[in-house]
Every structure is written in structure tokens, then in C-alpha cells.
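Peer 1: Residue-level listing of the chains:
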Amino acid sequence: MKNPFGKITTLEAVMEQFHDGMTLMFGGFGGVGSPPTLIEGILNKGIVDITLIGNDTGFPHIGIGKLVREERAKKVIASHIGSNPIAGQLMHTGKLEVEFSPQGILAERIRAGGVGLAAFFSDIGMDNELVSKNKPRFHLDGKDYLIETALTAEVAIVYAKKADEYGNLIYDKSARNTNPLVAMAGDITIAEVEEIVPLGSLDPDEIITPGVFVDFVIPSKGVNWKWAWE
Amino acid sequence: MKNPFGKITTLEAVMEQFHDGMTLMFGGFGGVGSPPTLIEGILNKGIVDITLIGNDTGFPHIGIGKLVREERAKKVIASHIGSNPIAGQLMHTGKLEVEFSPQGILAERIRAGGVGLAAFFSDIGMDNELVSKNKPRFHLDGKDYLIETALTAEVAIVYAKKADEYGNLIYDKSARNTNPLVAMAGDITIAEVEEIVPLGSLDPDEIITPGVFVDFVIPSKGVNWKWAWE
Amino acid sequence: MGMGVEFRNQMAKRAAEEIQNGMVVNLGIGIPSLVPNHLAKETMVMFHAENGITGMGPSPAIGDEDENLCNAGGFPVTLTSGASYCDSAISFGMIRRGRVDITILGSLEVSQSGDLANWIVPGKKVPGMGGAMELAQKAKKVIVVMNHSDKYGNPKIVTSCTLPLTSAGCVDLIITELAVFMVTEEGLLLTELFTPYSLENVIEKTGCEFKVSENVREIPY
Amino acid sequence: MGMGVEFRNQMAKRAAEEIQNGMVVNLGIGIPSLVPNHLAKETMVMFHAENGITGMGPSPAIGDEDENLCNAGGFPVTLTSGASYCDSAISFGMIRRGRVDITILGSLEVSQSGDLANWIVPGKKVPGMGGAMELAQKAKKVIVVMNHSDKYGNPKIVTSCTLPLTSAGCVDLIITELAVFMVTEEGLLLTELFTPYSLENVIEKTGCEFKVSENVREIPY
Chain A
1 MKNPFGKITT
11 LEAVMEQFHD
21 GMTLMFGGFG
31 GVGSPPTLIE
41 GILNKGIVDI
51 TLIGNDTGFP
61 HIGIGKLVRE
71 ERAKKVIASH
81 IGSNPIAGQL
91 MHTGKLEVEF
101 SPQGILAERI
111 RAGGVGLAAF
121 FSDIGMDNEL
131 VSKNKPRFHL
141 DGKDYLIETA
151 LTAEVAIVYA
161 KKADEYGNLI
171 YDKSARNTNP
181 LVAMAGDITI
191 AEVEEIVPLG
201 SLDPDEIITP
211 GVFVDFVIPS
221 KGVNWKWAWE
Chain B
1 MKNPFGKITT
11 LEAVMEQFHD
21 GMTLMFGGFG
31 GVGSPPTLIE
41 GILNKGIVDI
51 TLIGNDTGFP
61 HIGIGKLVRE
71 ERAKKVIASH
81 IGSNPIAGQL
91 MHTGKLEVEF
101 SPQGILAERI
111 RAGGVGLAAF
121 FSDIGMDNEL
131 VSKNKPRFHL
141 DGKDYLIETA
151 LTAEVAIVYA
161 KKADEYGNLI
171 YDKSARNTNP
181 LVAMAGDITI
191 AEVEEIVPLG
201 SLDPDEIITP
211 GVFVDFVIPS
221 KGVNWKWAWE
Chain C
1 MGMGVEFRNQ
11 MAKRAAEEIQ
21 NGMVVNLGIG
31 IPSLVPNHLA
41 KETMVMFHAE
51 NGITGMGPSP
61 AIGDEDENLC
71 NAGGFPVTLT
81 SGASYCDSAI
91 SFGMIRRGRV
101 DITILGSLEV
111 SQSGDLANWI
121 VPGKKVPGMG
131 GAMELAQKAK
141 KVIVVMNHSD
151 KYGNPKIVTS
161 CTLPLTSAGC
171 VDLIITELAV
181 FMVTEEGLLL
191 TELFTPYSLE
201 NVIEKTGCEF
211 KVSENVREIP
221 Y
Chain D
1 MGMGVEFRNQ
11 MAKRAAEEIQ
21 NGMVVNLGIG
31 IPSLVPNHLA
41 KETMVMFHAE
51 NGITGMGPSP
61 AIGDEDENLC
71 NAGGFPVTLT
81 SGASYCDSAI
91 SFGMIRRGRV
101 DITILGSLEV
111 SQSGDLANWI
121 VPGKKVPGMG
131 GAMELAQKAK
141 KVIVVMNHSD
151 KYGNPKIVTS
161 CTLPLTSAGC
171 VDLIITELAV
181 FMVTEEGLLL
191 TELFTPYSLE
201 NVIEKTGCEF
211 KVSENVREIP
221 Y
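Chains as they are written, first to last, in my numbering: chain A, 1 to 230; chain B, 1 to 230; chain C, 1 to 221; chain D, 1 to 221.
Hints in this document: simulated from the structure, not taken from any laboratory. Virtual Cβ for every residue (Gly too), placed ideally from N, Cα, C. Incorrect hints may appear among the rest.
Per the computed footprint, the stretches of chain A lying under chain B, defined by three or more beta-carbons under 8 angstroms from a beta-carbon of chain B, are [what the hints assert, rightly or not]: (1) 79-86; (2) 203-211.
Simulated crosslink set (SDA-like; lysine to any residue; CA at most 25 angstroms straight-line) [as the list claims (entries may be wrong)]: (3) A:Lys2 x D:Ile29; (4) B:Lys143 x A:Glu99; (5) A:Lys162 x C:Phe75; (6) B:Lys162 x C:Phe75; (7) C:Lys125 x A:His61; (8) C:Lys125 x A:Gly88; (9) B:Lys2 x C:Pro36; (10) A:Lys45 x A:Gln17; (11) C:Lys124 x A:Glu99; (12) D:Lys41 x A:His61; (13) B:Lys143 x D:Lys141; (14) C:Lys124 x A:Glu70; (15) A:Lys143 x C:Lys140; (16) B:Lys143 x A:Val14; (17) C:Lys124 x A:Leu130; (18) D:Lys140 x B:Ser132.
Using the sequences and the accompanying hints, generate a full structural model.
Peer 2: Written as C-alpha cells, this is what we have:
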């Protein structure tokens, strides 16, 4: 494999991007589409005090849930932690701060960060204290809206089916989910992929995430967890 | 061709969606990716006082420029009218109201309308009177932003390469441009397509616009203009 | 909750009646997931999942699961013809734009004015709202399918919800194992009874006043 | 403007020096479109177009045009290996997110503090800003390539722009047929001269004060 853009690298080499106290955004939805090799690498590096941003906290042994289970996160911004009871326990004992965002609004906050917009108006959860607390409001055309702010992270990790040498990505089925959004929102974006293909192998019409947004590509060692339904 | 969702129809049948004084959003960028058959149909129907929303006003004989040339529009919301001198003349003589929006902000306003968000924050053109005039501002984290409002339209017309019987769309090369955004922003969305294929013919991973957003599909009679470079 | 399969199927069957050809439908977990079993074969429906699937089909056979093809709960599904994938932002764009015709979901409580409380039990279970708020607020029609009473025998249809709301005034139709209610401007209207349950049974087990349709449809078990 | 091809190529060649391997570059119309001709073959660059192309290649041969493969100006282009399409919103997302390394564009005027005025002549030409504002504000580096004087012989590099601004203080580098200026905190710094033009020639034709680098590079025509 050639490497004309210098983006193709190894797990070992990208580990220098991860450090204590960092903000880390991850792709995936209920563990599906979360990058197993990167998560294992972060786990093994032993970094702590992470602020995690992603759809949900996975399951205790699936996806980002592993980092939560090992108490590596000080805060998580997510729409749901129900599938990971450890997250709930840590929240109740004050070991984990949780900021809940409605799922579609969270996706838009990540996208807004990814496309360089600072905030947007939302009418979701206006009357719900957990959603609306401390959020500024704006009155427009006779209606009140919450100001929902964009989310970015120092590093974003995503899982894709294929990458070419420029980091152009395609995803596999519903493992796409939040990955294309997260891929745009990282100051540095690292893609873990099932297959790395030569430049020109991907149909330009089929590419979902342009390599413009991707800084590093590493090969996946494959999913290393048993699914909840297994 | 089967028609299990009733979306596949004819130019004649969809013409009832167009009426005097309507808001009409169109896909395309410099004429590329604008639906020729639908534009011709609207032109022939003779409707007037249209509010047009789209990237630009095409060329006088290309794309939406034909409707502008024939003075069918009372207002246009666009980022650029330079390639259509008639639009400029009509603007200067007061026959056409033009609202300019920076190109990427216009695209986001259309997308915001398409995904059901009311507005977003922008820092583009803050100091430019044409852009910032009459727009509310909001101060967030030490910085001022313009409130840019979402755009929708009574009818959105788009041009695609293929549609299946559900109206799932794929686009051809750079003729994609604003089409996937416009497709979401219509209260009613009509797709003109080069080819209609049976349900199941499109790879679910390759579909760019889910048929959920598409109400009607008509076959294209092909591009009926000579390109500016010809 | 130990609710018999016949009750669950009866409720799912009734919910399926609301689905018309061509609709986009989002199903919650539990009883709503049984709804597709009760649709006529010729009905073309696109089942929508928040994680980015339009056109979900039934669960795969054991051994045929694809770890990258799962519903919003993380469980394996299949696709129907005409299905497509999108990212989660577009998936919720469909919901907020009003392109999802029906959402069928369970609930902890529903009030007589259609308030929905289905996401939180303070001090006990705070799992996060997931996509429930968007669906409740923005789906064109919100159908709640739930047991008439909780596991302690307390009514789940109430004058005013005691649990935190998912969304106020969003529910259009309530289907329980006893009856069907429409949420109207004037409060609840009982339109159907699942016999042999009687109106008296329903009154006894319901935590609020409700009106009764002039022509109550009786649906036998 | 009747500017000779050798001038245009000299300016484009100098602009090309700014482009490093792996960069994402957006080119305006006119002289900037000549820049790719002056890049070393081994330099991997992704040329970006606002309408949704990353990885534009040269113009096609006459007869090989594809009406659905055009740049932001509506003119036919080709693709390089590794190219991709996206919608216009994502294309501008790349710009606003700071993923476009360089934009090279023409201008009507540039001020000594890097203000850019390249989109409007009041009362004469109001074509709309297109994507110029986003590119000027958000590209990591903004390079202006333009004639030193307008067609009436008036300087285009000025103390303060007379035309409405596209964006204030955004320009990093100015390349004309006479010289190259860096925009610094203290105003313009002349760093290069295209000989046989002299410093005196430049001073005479420039509408503002500027500093001169201690080591002016001379680039012969």
C-alpha cells in the first residue's frame, strides 16, 4: 500500500493523540459502529478523566462502554446510558457527570461542530427541565427556542468499512449511524477501518465521508466484544 | 414498472402542484443539476409571482434562469445572480427582489428547513451590511453571531440520476450539489430523474436521498439547454 | 409484566389498523415491535429506525445476524426492498420534518390531555431520553400501546402525570389490553373495548375521567 | 485586462509555491485557475470546489465534457484519483471547519490590513457573494492573485478599501505581476520582486505604505 498523504498509520502511532483529561468523541449507536481497536488501545494506555461525547454509553462490555466501566470518563455527553447500568451507577454516586441531549439534537450538535457552526435553535424538550436547564432561549416568529450549542472534540474516533489512501470513507449498513457526523467534528479524526484500499478504488459518488475530514487511518483488528443479542 | 407507493407519475400530473405566488425551491448550481423538464413545465404553465429559492439564478437560457428571464419570479433568495445578467437588470429596475445569502449559509438554511430546525448561528458576513441587515444577533461565549433562519418551500424540485419506486435517489457526480438539501426542504418534493428503477435495485448504502423525503418522481426528458461552455 | 401473548397481540393488531399503505412508521421496543406481524401482506410500510434505517424488516434467523445491521436498540434486523441507510442526523431530520407518519411506543404514564411520561423514574432509572422526545413531539401521529395498569395495579392513564414528561399533549391514541382511547380537545374518548372487558372494568382501572363514544366498537379476544 | 500570459503564469507559479503536499486548495476563477499547471507532478493536492467536489483535475478535452461534472463556475472539469462528491452544505462545512488549507482568489481591492473587496461594485455590479465570504473568512490561508493596478491604472492595493468588503483582515499574501506582499500585524511587507520591476515601480503603483523585507527575493521574468 502506498501512503501518499501520510494518513495510513498504526494503532501504536496514533496512541500519542490520546491523553488524560481530553475530549473524545466516538462514532456508534448502541455499540454498533464503534471502533473496537481504538477503544481497546485507549483502554490499554490507561488514560483517565476523559470527556466522552457520543450517542450512548454502549453496554458494559461493548463499544465505548468499556471505557465507562473502567471509570476512565469524568463526563459523558450522550442521549442514553440505559444499556450500560454501570454508567447509571457512576452517575448516581457522583463519579460520572452526565449531560443528556435528545438523540437527534445531539446528532445535530455534533454535526454543527463538524461543519463549523456554533449553535442552532431547537424546540425539542423545551418544557423538560433536564433538557432546557441553563440553556439560553430565543424568540423567533412568535415561538420560543432553546439555543443548542455545537460539539467538537480534540479527537474523534470512527469506524468504517473501507478507507482509501486519502481517508475517504464508506460505512457498512447501519454501522454508519453517527460516524459521518463524528468524523467531521474532531480537531483530529482517526478512522479505524475494516479494509484499506488504493486511491481510486472507491467510487467518488459512494464516498460518505470525504478524506478531507480524516487525519489518520488505522486497520481494525475486528470487533472484540460479544453482542448483547449473542 | 410497478408503483406500490404511488409516487411515480408524469409531468402533466405534477403540474397541479404549481401555482401563482408560490414558494419554489430548486436544486442545482450554475444550472448543473437543475431539473430541465420540470422547469420547462412550470414555464409552459405560465405561473407568475414565484418566490424562488436556490443557489443561483443559472444562466438566461440554462436552469432556473429561464423562469427569471421570463419574469416569472417576484423574489429570489440566492447566493449569486452574476451568471444571469437579466436577473441583475430586473433587480436594478425593481422588478425582482433579491435576498442574498452567502453560499454555504444558504445551503445550511435550506438544510435546516429540510431537517426541521428553525435557525442557526453564523459568523459569516457579520460586518457586511447586505448580509447582516435586519438579522438578529446573539452573543455566545464571548462572540457575536447572526441568526440565520431556515428555508422551506411549498414545492421543491430536484434532479437525480436514478430513483426507485419509493423515490430513493442517487445523483450523478457534481450534479448532486444542493439537490439532497433541497429534496428535504420541500413541503412537497418532486424529483425529476434520468432513470426509474424497480424497488430493490439501488444499494441501500449508496442512496443519497431516502425516498421518505420524496413525494413524486417523474422521468426526465433530458437537458434541453446548451451549456455556457458549449 | 407477565402479560399474556394474546393481550400483547391484540394490542399490536389494533395498532396495526392505524397503518396505511405507504406510511413511514417508527416502532418502540416491546409490544410495538409485534405490530408488523399484524399488517396485511400487501401493505407497503417503511419502518424507520433512529440510528439511520428506513425500511427495516423482521429479525433475522438465529445465525444470520449481521453485527452492522441493527435497530436503534442494538438488536439485529433485516431490510425490506427499497430500504436505505442514512446518518443519525438525517434520520432525526425525517422525524422533525414531519415525514414520520406514526410512532408507536410504550409508556409509563399518559395523562388525559395526552401528556407522555415514558423515559424517567426519578431516583431510580434515569437512562436518558434517547430519541423519545423527538418522536413524541414530531411524529404526525403518536400511538401509545401499554398495559392499563402498572405492576402494582395502579392506573397508568391518569389525570396528570406524576413522572417527568417526555412531551406534553403529544399522544393521539392510547391502546391498552382493555380499551382504546382517542385524545381529544375535551380529554379522553373511549372508542373501543376489548371484550369481555366492560366499560365498568375500564372505569375502575383508569385514573381519570373519560368520555365514551356513542358507538363503542367491541373487539373480542 | 490584456495582461500577458507570461505575467499570469509568473503569478500562478509563485502562488503554486505555497502549496504543500496533502493540502486542500480552493481556486478562484481567472489567474488562480492556472496554478495547477505549476505544481510539481509528485505534489498530491486535493482541489476543492464549493459545489461539492474534492479532487478536481484539469479541464477535459473538447468533446469530453460531462455536463454533470462541473466546477463551481459551471464549467467542465475532471477528477483526480481519490476524489469524492458531497452536497454543497458539506462542501462549505469543510471550509468553515478549517479543513481548506489555502484559497487563492482574485480581488478588486486589498487593503494594507488585509481587507478583501472582491464581490461588489455598488450601482454597477451586484452579482452576490457566492462562496467568497466563507472562503475569505475560513480558509486557513488566503492568497490574493491580482493585477497591481486596475484598468484605469489606479492601485488595487490601498490604505483602505473603497469598495464594500468581502471580509475584513482575511488576506495573508498578495501576489501581483510586480511583487509579493505578506500581510503582517504591522501592515504590508514586500518580500519579493518580479524583476525587472524595481522597488520604485512598486512604490509608484501601490496605494499605501508598505515595509520592505531585509532580504527581498528577486524572481526574474
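Peer 1: If a hint holds in the structure, say so; if it does not, say that too.
Peer 2: Cross-check of the supplied hints:
By the rule of at least three residues with a Cβ nearer than 8 angstroms to a Cβ of chain B, the coverage given for the stretch 79-86 of chain A is violated, with 0 such residues. A count of 3 residues in the stretch 203-211 of chain A with a Cβ less than 8 angstroms from any Cβ of chain B is obtained; the coverage claim is therefore met, three being the minimum. Annotation: proposed proximity of Lys2 (chain A) to Ile29 (chain D) is violated, straight-line Cα distance about 33 angstroms (limit 25 angstroms). Restraint check: the Cα-Cα separation between Lys143 (chain B) and Glu99 (chain A) comes to about 24 angstroms, which is no more than 25 angstroms; the hinted pair holds.
Under the criterion of a C-alpha separation no larger than 25 angstroms, the hint pairing Lys162 (chain A) with Phe75 (chain C) is consistent with the structure, at around 23 angstroms. Distance hint between Lys162 (chain B) and Phe75 (chain C) is unfulfilled; the C-alpha atoms sit about 32 angstroms from each other, more than 25 angstroms. Of the supplied pair hints, the one linking Lys125 (chain C) and His61 (chain A) holds, its CA atoms being roughly 20 angstroms apart against a limit of 25 angstroms. About 8 angstroms separates the Cα atoms of Lys125 (chain C) and Gly88 (chain A), which keeps this hinted pair within 25 angstroms; it holds.
Annotation: proposed proximity of Lys2 (chain B) to Pro36 (chain C) holds, straight-line Cα distance about 23 angstroms (limit 25 angstroms). As the CA atoms of Lys45 (chain A) and Gln17 (chain A) are separated by approximately 11 angstroms, the hinted pair is consistent with the 25 angstroms bound. Using a Cα cut-off of 25 angstroms, the hinted pair Lys124 (chain C) and Glu99 (chain A) holds, with the two alpha carbons roughly 17 angstroms apart. For the suggested pair Lys41 (chain D) and His61 (chain A), the alpha carbons sit about 49 angstroms apart, so the restraint of at most 25 angstroms is broken.
Between Lys143 (chain B) and Lys141 (chain D) the CA atoms are separated by roughly 22 angstroms; this keeps the pair inside 25 angstroms, and the hint holds. Among the hinted pairs, Lys124 (chain C) with Glu70 (chain A) is consistent with the structure: their alpha-carbon atoms are about 22 angstroms apart, no more than 25 angstroms. Using a Cα cut-off of 25 angstroms, the hinted pair Lys143 (chain A) and Lys140 (chain C) holds, with the two alpha carbons roughly 20 angstroms apart. Of the supplied pair hints, the one linking Lys143 (chain B) and Val14 (chain A) is violated, its CA atoms being roughly 34 angstroms apart against a limit of 25 angstroms.
Between the alpha carbons of Lys124 (chain C) and Leu130 (chain A) the distance comes to roughly 15 angstroms, so the proposed pair stays at or under 25 angstroms and holds. Restraint check: the Cα-Cα separation between Lys140 (chain D) and Ser132 (chain B) comes to about 23 angstroms, which is no more than 25 angstroms; the hinted pair holds.
The structure does not agree with the numbered hints 1, 3, 6, 12 and 16 stated previously, though it agrees with the rest.
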